[in-house]
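Just so you know, the sequences run in chain order L and C.
Numbered according to my numbering, the first sequence spans residues 1 to 340.
Numbered according to my numbering, the second sequence spans residues 1001 to 1340.
A hint or two may mislead.
Calculated cross-link-like contacts (lysine to any residue; reagent style SDA-like; alpha-carbon spacing at most 20 Å) [claimed, not checked]: (1) L/240 / C/1024; (2) C/1240 / L/25; (3) L/240 / C/1266; (4) C/1266 / C/1172; (5) L/240 / C/1013; (6) C/1240 / L/254; (7) C/1240 / L/9; (8) C/1240 / C/1147; (9) L/240 / C/1022; (10) L/254 / L/307; (11) L/240 / C/1021; (12) L/266 / L/307; (13) C/1240 / L/307; (14) C/1240 / L/266; (15) C/1254 / C/1309; (16) L/240 / C/1023; (17) C/1254 / C/1180; (18) L/266 / L/151; (19) L/240 / L/151; (20) L/240 / L/174; (21) C/1254 / C/1147; (22) L/240 / C/1025; (23) C/1240 / C/1190.
In short, the hints are calculated from the structure, not lab data.
Bear in mind the structure is a predicted one, so any value in this text is a computation, not a measurement.
Number of protein chains: 2
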Amino acid sequence: MQVRELGEQGLLPYLQSFCPPGVVGDDAALLTPTPGQSLVVTTDMLVSGVHFSDQTTSPEDVGWRGAAANLSDLAAMGATPLGLVIALGLPGELELEWVQRLYQGLAECLQHYATVLVGGDICRSSQVTLGITALGQVEPTQAIQRHIAQPGDAIVATGVHGASRAGLELLLQPAWGGSLSAQERHELIRAHQRPRPRFDVVRWLRCYCSELHLPQLRVAGMDSSDGLADAVLQICRASKVGARLYQPQLPIPKPLTRLVELGELKLAQARDWLLYGGEDFELVLCLDPVAAQALVSNLPGAAVVGEVVSGQDVLLVTETGELPLSLTQGFQHFSSSAQS
Amino acid sequence: MQVRELGEQGLLPYLQSFCPPGVVGDDAALLTPTPGQSLVVTTDMLVSGVHFSDQTTSPEDVGWRGAAANLSDLAAMGATPLGLVIALGLPGELELEWVQRLYQGLAECLQHYATVLVGGDICRSSQVTLGITALGQVEPTQAIQRHIAQPGDAIVATGVHGASRAGLELLLQPAWGGSLSAQERHELIRAHQRPRPRFDVVRWLRCYCSELHLPQLRVAGMDSSDGLADAVLQICRASKVGARLYQPQLPIPKPLTRLVELGELKLAQARDWLLYGGEDFELVLCLDPVAAQALVSNLPGAAVVGEVVSGQDVLLVTETGELPLSLTQGFQHFSSSAQS
Chain L
1 MQVRELGEQG LLPYLQSFCP PGVVGDDAAL LTPTPGQSLV VTTDMLVSGV
51 HFSDQTTSPE DVGWRGAAAN LSDLAAMGAT PLGLVIALGL PGELELEWVQ
101 RLYQGLAECL QHYATVLVGG DICRSSQVTL GITALGQVEP TQAIQRHIAQ
151 PGDAIVATGV HGASRAGLEL LLQPAWGGSL SAQERHELIR AHQRPRPRFD
201 VVRWLRCYCS ELHLPQLRVA GMDSSDGLAD AVLQICRASK VGARLYQPQL
251 PIPKPLTRLV ELGELKLAQA RDWLLYGGED FELVLCLDPV AAQALVSNLP
301 GAAVVGEVVS GQDVLLVTET GELPLSLTQG FQHFSSSAQS
Chain C
1001 MQVRELGEQG LLPYLQSFCP PGVVGDDAAL LTPTPGQSLV VTTDMLVSGV
1051 HFSDQTTSPE DVGWRGAAAN LSDLAAMGAT PLGLVIALGL PGELELEWVQ
1101 RLYQGLAECL QHYATVLVGG DICRSSQVTL GITALGQVEP TQAIQRHIAQ
1151 PGDAIVATGV HGASRAGLEL LLQPAWGGSL SAQERHELIR AHQRPRPRFD
1201 VVRWLRCYCS ELHLPQLRVA GMDSSDGLAD AVLQICRASK VGARLYQPQL
1251 PIPKPLTRLV ELGELKLAQA RDWLLYGGED FELVLCLDPV AAQALVSNLP
1301 GAAVVGEVVS GQDVLLVTET GELPLSLTQG FQHFSSSAQS
């Protein structure tokens, strides 16, 4: 059955069944934030053909990724989720099954991170379009922000980078990466299709403060949705500081290291995916080196990748010298090559 | 200049200039709700060619209407606004000026209702698409909801209905309504292009409670964005009650009454616009008849239009008999005629 045949009034009750009882049915949803906490809000628009395609992403994965990308922005603020709303633009000829599967993936992600869908809107559109807004809350003193990095901070990446980009390559060119095991292929593709917002890192930071009786731990940071290099550059720009990243310390997925050793992947390509690939949805955090060391020793895949310095240069230190990092290689909407 | 030439990174700083200083620049915005208040959240998607067209709506009006429609949902919950986020899908060939004018209209509306833009997202899309989410807050005991109407309640419409639909007619067919004065034409068109969310009504209800030392005033209701008839029917369905609307009491715009008297507009057409035209963004409230009378006597254009009764019949009482109201004449997305 097509969306058009069912109509808006027919589709709404089905979609509302994904919300908790009693939450929808009014002009807006009512939520109960914890008194004294700051409210955190982030919004994203995802468009078919720009952000996802049937070739690389099932409807369930579109739902999961859409939810995960927004939840990752909450985690990047040190927040815990309160709920999510979704506005959907749908072509009339779209199969109803596609929408059902989208919502199943979305609901699966929300359930995994103990949060809920609290409202939405549907309308007609020539391209499938998702407008997602996520709401969270954070103790005001525990908010992670970009502008509070200081020289001397260690820079932590909470996991490997480049896996999502390698997974996309496998989806676009299945013949690529012939030496990868089935398990490795699966894991790289999974990194692209099912990114995981790092609320576990947020929880770890809170426990660390609480166990050490720290009244506050200053953590600057953001997520690496637009790439590791982009995150470091954005934090440095907002904090008016520079940074040095040490290439040997950058956490690269093991299968990619192996492909480089086998000569199936050029080192420059692997480095490019790691720094600029994007969509790994890890956190890039700048914090006290002692806390940073404690964090990475408790977090598989995490690494101290560099340090914040004064000045404004953001440099990648390699065996052969220093390279300035630049934003221009990152994903840009509206440019002619902006298809991912 | 086209949006494509400027690119996402070029456009973002310009759009961020519409946000208050310090609010944007992180993965999400931080807001400070009043402790103890419920959080209210509503989202809408607006698509060029479906919800607005260059023929009837300037970019400024698209911005104003988009903001106003979402703010109206907050007013319909009895809430005051905390802020609004907007995700924008834009064709690369769109003129930058169009986006600037859109934001000007949006900002004008937000300023008028003492609230702010707190974040957004932009991406490429084949149709101009706005995903707007508005956030507000309300004292939990003062929330207006659809399911709390009771038999004996008076039904109030906070202003005239049909004006927005008549304004749209004037935009689509400028030759129509020849007997209207320039001022009347302007006011009807304005009703369509610049709807006003009724936060003044929300304030009045709070003052009324406070002056009479009422701990609580039960008010059921919603806004009339999808038409007066739709609002009454939705409230009755949610509250499991019926209603009687008295046609002579329905507040019709004066210019339309005059056109009917002159024979330039059929009575049936005027009644249709009043009940089903939609987009007047008034509030339809069910409350104690004494409070209702006090409200309408303080609110120009407002009227007690009927009463809530037991049972499930929703009837329009005319001079010649009783007619059941139905939803089927309202605006439906995905149907073949769903173009407004």
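Status of the hints after comparison with the structure:
no. : hint            : verdict
1   : L/240 / C/1024  : holds (16 Å)
2   : C/1240 / L/25   : holds (13 Å)
3   : L/240 / C/1266  : violated (67 Å)
4   : C/1266 / C/1172 : holds (18 Å)
5   : L/240 / C/1013  : holds (17 Å)
6   : C/1240 / L/254  : violated (61 Å)
7   : C/1240 / L/9    : holds (19 Å)
8   : C/1240 / C/1147 : holds (8 Å)
9   : L/240 / C/1022  : holds (15 Å)
10  : L/254 / L/307   : violated (24 Å)
11  : L/240 / C/1021  : holds (17 Å)
12  : L/266 / L/307   : violated (27 Å)
13  : C/1240 / L/307  : violated (63 Å)
14  : C/1240 / L/266  : violated (68 Å)
15  : C/1254 / C/1309 : violated (29 Å)
16  : L/240 / C/1023  : holds (18 Å)
17  : C/1254 / C/1180 : holds (11 Å)
18  : L/266 / L/151   : violated (34 Å)
19  : L/240 / L/151   : holds (10 Å)
20  : L/240 / L/174   : violated (43 Å)
21  : C/1254 / C/1147 : violated (33 Å)
22  : L/240 / C/1025  : holds (13 Å)
23  : C/1240 / C/1190 : violated (36 Å)
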